[in-house]
Amino acid sequence: MKSLTIIILAFSLAVLSCKDVSLTGVANDTIYLRQNGVDMPIRVFGNIESDKMILVVHGGPGGNAIVYRDKYVVKNVETEYCMIYWDQRYAGGSQGYGGETNISAFRDDLKKVIQLLKSKYGQNKKIFVFGHSWGGFVAPYFLIDGDNQNLAAGWIQVDGAHDYNLNDSLTHAMLIEVGNQQIALNNNVSSWQPIVDYCNSHTYNENYNVAATLNSYAHQAEGLMSDVQFSGSILPPFNNFTPYTSHSMNGMASGINEIDRPTYNENIGKSLYKVTIPTLLLWGKYDFVCPKGLMTDIVNKIGSTDVTTKIFDYSGHSPMMNEPEAFWTEVMNWISTH
Amino acid sequence: MRILYILIASLFTTSLFSQVDNKLANTGIKVSYQGAVFYPGFRLGIERPYKIKKKERIFKSFTWTVYKERYLTYNLGTYFHKSFHSNVFLFSEWQIRRQSNFGVFYEIAPGLGFSRTFLPPTFTIDDNGSSKKVLFAGNFYGLSCFSATFGVNLHSLNSVPVKVYWKTSVIALVPYNSLFYYRPTIEFGIVYCNSKFWQAKPKVKHKTKNYSPSEKPE
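One line per chain: the protein sequences are F and G, in this order.
Note that the numbering used here numbers the first sequence so that position 88 is 88, with each residue one more than the last.
For the numbering used here, add 1000 to where a residue sits in the second sequence, where the first one is 1.
Derived from the structure by calculation, the hints contain no laboratory data.
For clarity, every value in this text was computed on a predicted model and none was experimentally measured.
Note that beta-carbon positions come from the ideal geometry of N, C-alpha and C, so glycine has one too.
Some hints could be false.
Just some of the chain G residues that point at chain F, by a computed CB distance under 10 Å [said to hold, decoys possible]:
id : residue
1  : His1085
2  : Ser1086
3  : Thr1124
4  : Ser1130
5  : Tyr1141
Chain F extracted, bound-state conformation (with noise of 0.2 Å):
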């Protein structure tokens, strides 16, 4: 009996004593958030003793953090600052039963993300929310919350859809004005008629569907551009953070709840005001599914004085992967002046 409890206070000693994360050098942490019945991987990579962490809020619903990881991130963004790949709740990682669906949940994990990035690396870590798409509408809505934005040093928006109605109509136009023009130039017209025609039927507000319409095409004509590039180079190395099959199955959960029904009803704009912090906006020219209208949008109504737009000419919905060194380099040279 005694040596079996002097096991256990081994054991249990080996597990507490265990270092969680790093704190010098270069991080390559995984950390689990628990929230509300979900549990959501936090992983952090990069130089810890820059001080300076982006964490990103990544797309979806549904999507993942991690493959925002490319080999460009990790030759040149990583060596420099530290980067915080979170996986959201019924997203990448996440494990657990599920919980709750509301998007004011998600707006409350990234809150909880930032404190304990804060309470393990350090209070004096500046952390820059960067959010692309689905994640372009849970950063700002983040920081429009109480006194959030005093957490973040910083506020990224790439190609984000912070108003979900103002982002389905400037869609809606985007697809029939540059549909039109390219059937006119007689490129892919097989491809772009049945997309102009669609929008030509329907109205941009009809219901949910319609809206999910105008994505999938959008994302099917930004594939039509022939100046938006893509570098197969930059391909995220093999990981072995996650299994596709939780991937795959955390996106379908995230469709199935339709996670982001709800923000139809959040105005986000009217209350862009309240964001005094530091703001990068960057845009793909060729994106449908967050059309550059958005861009414009915060510009015009955001309460920053220190805002810096970029629109990057052969990009897309997702700069980073289009353009990464053009992307990348705006981004880090923007960080290391705030």
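Got chain F; can you put chain G on it based on the hints?
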């Protein structure tokens, strides 16, 4: 001559039956490596036959024997996926096996059980922003699985009471974020059968069909 042939054939098959029957009827202890490509794990288990159906087809120059076997298995499995989760699971399978008189077998097996995952360092955050580590963080899930196996019963060929097998499975954890999580695995293992260990008494049925030329219908 015809009677002599049938007698020889039946003598041969009876001797094989009694020989293999003993080898089939034992409880086996299973040990295997189980992994999902890069993520290692292992399984320990017991397989116990409860029903064996022997089908013989007697031809002119040989006898073909097939054993249809049913087993219940009880297993403990685990795999390690460092930055995702490690999993320990207990489950039972219903094995449906076909084995030839050469010892080659294949089987399918649905199974049910439960699992407990173990996560990397996990924290909660209270309202003041303070973090607290969750000890042994992880979750209990229901587990279902389905597998297909190919193997050889070496006992049919020599005196070693061992079976070797290769198995592909899909494990599903439920409820997992309101749906389920599935994980394909591959497994290489051996089954050691010892007649003294938890003696099995399977129900044995025997069916013979004679295809020797003289017995064929006109």
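Discussion item. Would the hint on G:Tyr1141 be counted as holding, given a Cβ-Cβ threshold of 10 Å to chain F?
Written reply: 9 Å, holds
*asked:* For the restraint on G:Ser1130, tell me whether the closest CB of chain F is nearer than 10 Å.
replied: Because about 6 Å separates G:Ser1130 from the closest Cβ in chain F, which is inside the 10 Å limit, the hint holds.
Exercise for the section: Hold the hint about G:His1085 up to the distance rule: shortest CB distance to chain F must be less than 10 Å. Expected result: 7 Å, holds
Point to revise | Interface hint outcome for G:Thr1124 [beta carbon to chain F under 10 Å] | key: Result: holds, 5 Å to nearest chain F Cβ.
Under 10 Å is the threshold here; is the Cβ of G:Ser1086 close enough to any Cβ of chain F for the hint to stand?
Hint violated; G:Ser1086 Cβ to chain F Cβ min 12 Å, cut 10 Å.
Of the numbered hints listed earlier, the single one contradicted by the structure is hint 2.
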